[in-house]
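In case you want the letters, here they are:
Protein chains: 4
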Amino acid sequence: MRTLVTGFEPFGGESTNPSFEAARRVGGVAVVELPCVFATSLQALREAIDEHDPELVLCVGQAGGRSGISVEKVAINLMEARIPDNAGARPMDAEVVRGGPAAYFTNLPVKAMVEAVRQAGVPASVSYSAGTFVCNQVAYGLAHLIATERPGLRGGFVHVPYSPGQVTTSSQPSMAVETVAHALRILVDTALTVEVDVPVVSGEIA
Amino acid sequence: MRTLVTGFEPFGGESTNPSFEAARRVGGVAVVELPCVFATSLQALREAIDEHDPELVLCVGQAGGRSGISVEKVAINLMEARIPDNAGARPMDAEVVRGGPAAYFTNLPVKAMVEAVRQAGVPASVSYSAGTFVCNQVAYGLAHLIATERPGLRGGFVHVPYSPGQVTTSSQPSMAVETVAHALRILVDTALTVEVDVPVVSGEIA
Amino acid sequence: MRTLVTGFEPFGGESTNPSFEAARRVGGVAVVELPCVFATSLQALREAIDEHDPELVLCVGQAGGRSGISVEKVAINLMEARIPDNAGARPMDAEVVRGGPAAYFTNLPVKAMVEAVRQAGVPASVSYSAGTFVCNQVAYGLAHLIATERPGLRGGFVHVPYSPGQVTTSSQPSMAVETVAHALRILVDTALTVEVDVPVVSGEIA
Amino acid sequence: MRTLVTGFEPFGGESTNPSFEAARRVGGVAVVELPCVFATSLQALREAIDEHDPELVLCVGQAGGRSGISVEKVAINLMEARIPDNAGARPMDAEVVRGGPAAYFTNLPVKAMVEAVRQAGVPASVSYSAGTFVCNQVAYGLAHLIATERPGLRGGFVHVPYSPGQVTTSSQPSMAVETVAHALRILVDTALTVEVDVPVVSGEIA
Numbered sequence: 001m002r003t004l005v006t007g008f009e010p011f012g013g014e015s016t017n018p019s020f021e022a023a024r025r026v027g028g029v030a031v032v033e034l035p036c037v038f039a040t041s042l043q044a045l046r047e048a049i050d051e052h053d054p055e056l057v058l059c060v061g062q063a064g065g066r067s068g069i070s071v072e073k074v075a076i077n078l079m080e081a082r083i084p085d086n087a088g089a090r091p092m093d094a095e096v097v098r099g100g101p102a103a104y105f106t107n108l109p110v111k112a113m114v115e116a117v118r119q120a121g122v123p124a125s126v127s128y129s130a131g132t133f134v135c136n137q138v139a140y141g142l143a144h145l146i147a148t149e150r151p152g153l154r155g156g157f158v159h160v161p162y163s164p165g166q167v168t169t170s171s172q173p174s175m176a177v178e179t180v181a182h183a184l185r186i187l188v189d190t191a192l193t194v195e196v197d198v199p200v201v202s203g204e205i206a
Numbered sequence: 001m002r003t004l005v006t007g008f009e010p011f012g013g014e015s016t017n018p019s020f021e022a023a024r025r026v027g028g029v030a031v032v033e034l035p036c037v038f039a040t041s042l043q044a045l046r047e048a049i050d051e052h053d054p055e056l057v058l059c060v061g062q063a064g065g066r067s068g069i070s071v072e073k074v075a076i077n078l079m080e081a082r083i084p085d086n087a088g089a090r091p092m093d094a095e096v097v098r099g100g101p102a103a104y105f106t107n108l109p110v111k112a113m114v115e116a117v118r119q120a121g122v123p124a125s126v127s128y129s130a131g132t133f134v135c136n137q138v139a140y141g142l143a144h145l146i147a148t149e150r151p152g153l154r155g156g157f158v159h160v161p162y163s164p165g166q167v168t169t170s171s172q173p174s175m176a177v178e179t180v181a182h183a184l185r186i187l188v189d190t191a192l193t194v195e196v197d198v199p200v201v202s203g204e205i206a
Numbered sequence: 001m002r003t004l005v006t007g008f009e010p011f012g013g014e015s016t017n018p019s020f021e022a023a024r025r026v027g028g029v030a031v032v033e034l035p036c037v038f039a040t041s042l043q044a045l046r047e048a049i050d051e052h053d054p055e056l057v058l059c060v061g062q063a064g065g066r067s068g069i070s071v072e073k074v075a076i077n078l079m080e081a082r083i084p085d086n087a088g089a090r091p092m093d094a095e096v097v098r099g100g101p102a103a104y105f106t107n108l109p110v111k112a113m114v115e116a117v118r119q120a121g122v123p124a125s126v127s128y129s130a131g132t133f134v135c136n137q138v139a140y141g142l143a144h145l146i147a148t149e150r151p152g153l154r155g156g157f158v159h160v161p162y163s164p165g166q167v168t169t170s171s172q173p174s175m176a177v178e179t180v181a182h183a184l185r186i187l188v189d190t191a192l193t194v195e196v197d198v199p200v201v202s203g204e205i206a
Numbered sequence: 001m002r003t004l005v006t007g008f009e010p011f012g013g014e015s016t017n018p019s020f021e022a023a024r025r026v027g028g029v030a031v032v033e034l035p036c037v038f039a040t041s042l043q044a045l046r047e048a049i050d051e052h053d054p055e056l057v058l059c060v061g062q063a064g065g066r067s068g069i070s071v072e073k074v075a076i077n078l079m080e081a082r083i084p085d086n087a088g089a090r091p092m093d094a095e096v097v098r099g100g101p102a103a104y105f106t107n108l109p110v111k112a113m114v115e116a117v118r119q120a121g122v123p124a125s126v127s128y129s130a131g132t133f134v135c136n137q138v139a140y141g142l143a144h145l146i147a148t149e150r151p152g153l154r155g156g157f158v159h160v161p162y163s164p165g166q167v168t169t170s171s172q173p174s175m176a177v178e179t180v181a182h183a184l185r186i187l188v189d190t191a192l193t194v195e196v197d198v199p200v201v202s203g204e205i206a
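Protein sequences, first through last, are from chains A, B, C and D. Residue 1 is where the first sequence starts when you use our numbering, and the numbers rise one by one after that. Residue 1 is where the second sequence starts when you use our numbering, and the numbers rise one by one after that. Residue 1 is where the third sequence starts when you use our numbering, and the numbers rise one by one after that. Residue 1 is where the fourth sequence starts when you use our numbering, and the numbers rise one by one after that.
Just to be clear, a hint being listed does not mean it is correct.
To give an idea of the interface, some chain A residues facing chain D are shown, with a C-beta separation under 10 Å as derived from the structure [unchecked claim]:
1. 62
2. 70
3. 74
4. 81
5. 93
6. 104
7. 200
8. 202
None of these hints come from the bench; they were simulated from the model. For glycine and all other residues, C-beta sits at the position ideal for the given N, C-alpha and C.
Isolated chain A (complex conformation) (with noise of 0.2 Å):
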């Protein structure tokens, strides 16, 4: 296996998180399931990547609320919780690496991951920003973890919308789990394969 992709176990209340319904869909790949739990997922995310000893490291996470698949460009060294983690966790205005750089920016080629997802035919965009819950924890957990540690892994995080199951009653975004499988395929394919990203502009306004 020369890739490893982690999903998300369900959160929020949800039964299920499409992240881990469609890595393990992905085929070709180790498939691990992180806690949503801020005091253990990077010490699972450590014990995979030990375990598979990787070239690539896709983290995959829910974004609830977005309609598409988008590739994060940066991670922040901040915690704050919305909401609590499974394990009853709010932390507040905390750094994620005690002391590290205020955020990174993933080494892999975003644009061209997401310009390989719409040929696809499945939206997508580079996003600039991964929130501050263990989605965003997890991105800059392995950012440094690259940074520090395994400087040739390649690595870094996408968010995928609800699965439609999950927002039968209400007026959320969703995309099916065969086409985010799809997508993840495609985005480990790209990272794998282009060593210099697209010059295409990306960018939001604000």
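Keeping the supplied structure of chain A fixed, place chains B, C and D upon it in accordance with the hints.
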């Protein structure tokens, strides 16, 4: 064939229309593509009904921006075209049927239909506005036909989201065509079998 | 007073209703607060009309989630309450007027009204659904009264956004009450003076 | 003057910018309009700071699409311009400060500032992304100046919604310029007086 399902041709600069793509995948029903043209859509609908003599007609249209399946409760006697139809026409403050009633409610069990789709894990809701474009014209025209010529016919209109391929670069919600087709199958089955709508509350505040 | 403007009392757990707050600030019109109660709202409206004998009635209601002033084109003969009204009632699939037509179009020049408000720098649009709650009931009831008893009366319904104070912690759009009042003043003036609506295209796709 | 408030000139085809319109109405502060130009914005900011020698700098920008006041927690070392700036430049994957840290957190008490604005009845929240356009550049540049040259200076960035007049025909949220100015006044007062941020949880899931 007991059921006729219609979809629309692409409009508004799109190269595909998820209503027809999904209708084709329903299976076990007659399927007809209607022109997105005020001048000919209702004649095409009438001919399809004459040809297939169904007991149920479900007309389906694309509602860009909506995130779930929406089953229309009402159609109004108004044509007001913010964009040109496929023949370049932009009717303004015009009646669908001259002297017709201001609106028709569908005779389909819309709440039971929505509940059945939700039970299958697909986002759905009752809608109280089909807009003022060709979709609403067809919804009104079908209801008028039933009211004036075919009292035994069941009929209604369903709006469906963009397909993912239509919104790869935007932040609009979408739904996989396979998911839409699955929902249409359930809507047809429910419309054919439920005689009395279920007593659940639906509604919109505004 | 040539004009009666009605607002609603707060509902849905709110402590204020911007429709009444704005109505009170219009000036030069009679202002009445209607109960947000299906059982009594139309009687209160009738009494206000009997008392003030206006030539124009503009009923105003809160449309949480909308970002601009919306002038309602149509009201439907349906009561369907997703939340209880202020008397705890939740009508379901009920008619506003037993045996009444499915809908009424307003006799106000909605496009001219919208254009005038926009000219004054305030976001506005024509709306084709007033929902299925007490607002729509009042809109329908007013139109029915005009159709059946007061053919010379002009009347219609306008939905307004939340006020800022109602959504301090949410991401819902809002509009300053002073801005809403300014828009209502313009709506009244336009409704009183424009005989033939302006030939601009409005409309919604779906 | 203890405080400098900056706004931006109009950009993106707009003829006004609510950030400057509101800044001008704050009162009791020095006000400077910054160019929406990557090549000159930071030099203009530096000159304004040199001229006024403030103890607090609050830079304000327009965030079209947001519905409330958003106080930025973080700025990133990235310029990526989806649209051209006012000089026609579209930097891509470029650093604000060559070799600078990936991000800076503001030294302002963002939670206390948000709470104070909400207490005054105005929608507000902490934001974890200032985008990748000139606003983020200025937010980052200000933080870098503080970190490297002016350790005693307090400084941060605030995004504000469109003004109503900018979105009269759209469905985008807006906020009256008077309301924005009122909020800015409160933000300044809070930033000047609160030494330790309040212990409330903020945060975003994703």
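*Quick one, is the residue 74 of chain A hint okay against chain D at 10 Å, beta carbons?*
Status holds, d = 6 Å.
*Should the hint that residue 200 of chain A touches chain D count as held when the rule is a Cβ pair under 10 Å?*
OK, holds: residue 200 of chain A within 10 Å of chain D, min 8 Å.
*asked:* Does the closest beta carbon of chain D sit nearer than 10 Å to the beta carbon of residue 62 of chain A?
replied: Cβ of residue 62 of chain A sits 7 Å from chain D, so the hint holds.
*Given residue 202 of chain A as an interface hint, is the shortest Cβ-Cβ distance to chain D below 10 Å?*
holds, 6 Å
_Checking hints one by one. Is residue 70 of chain A an interface residue toward chain D, by the C-beta closer than 10 Å rule?_
Because about 8 Å separates residue 70 of chain A from the closest Cβ in chain D, which is inside the 10 Å limit, the hint holds.
*Mind checking the CB of residue 104 of chain A against every CB in chain D and telling me if the closest is under 10 Å?*
holds, 6 Å
*Answer holds if the nearest beta-carbon of chain D is closer than 10 Å to that of residue 93 of chain A; otherwise answer violated.*
It holds, given that the least Cβ distance between residue 93 of chain A and chain D is near 7 Å, below 10 Å.
*Holds or violated: is the Cβ of residue 81 of chain A closer than 10 Å to a Cβ in chain D?*
This interface hint holds because 6 Å falls under the 10 Å limit.
The structure shown violates none of the earlier numbered hints.
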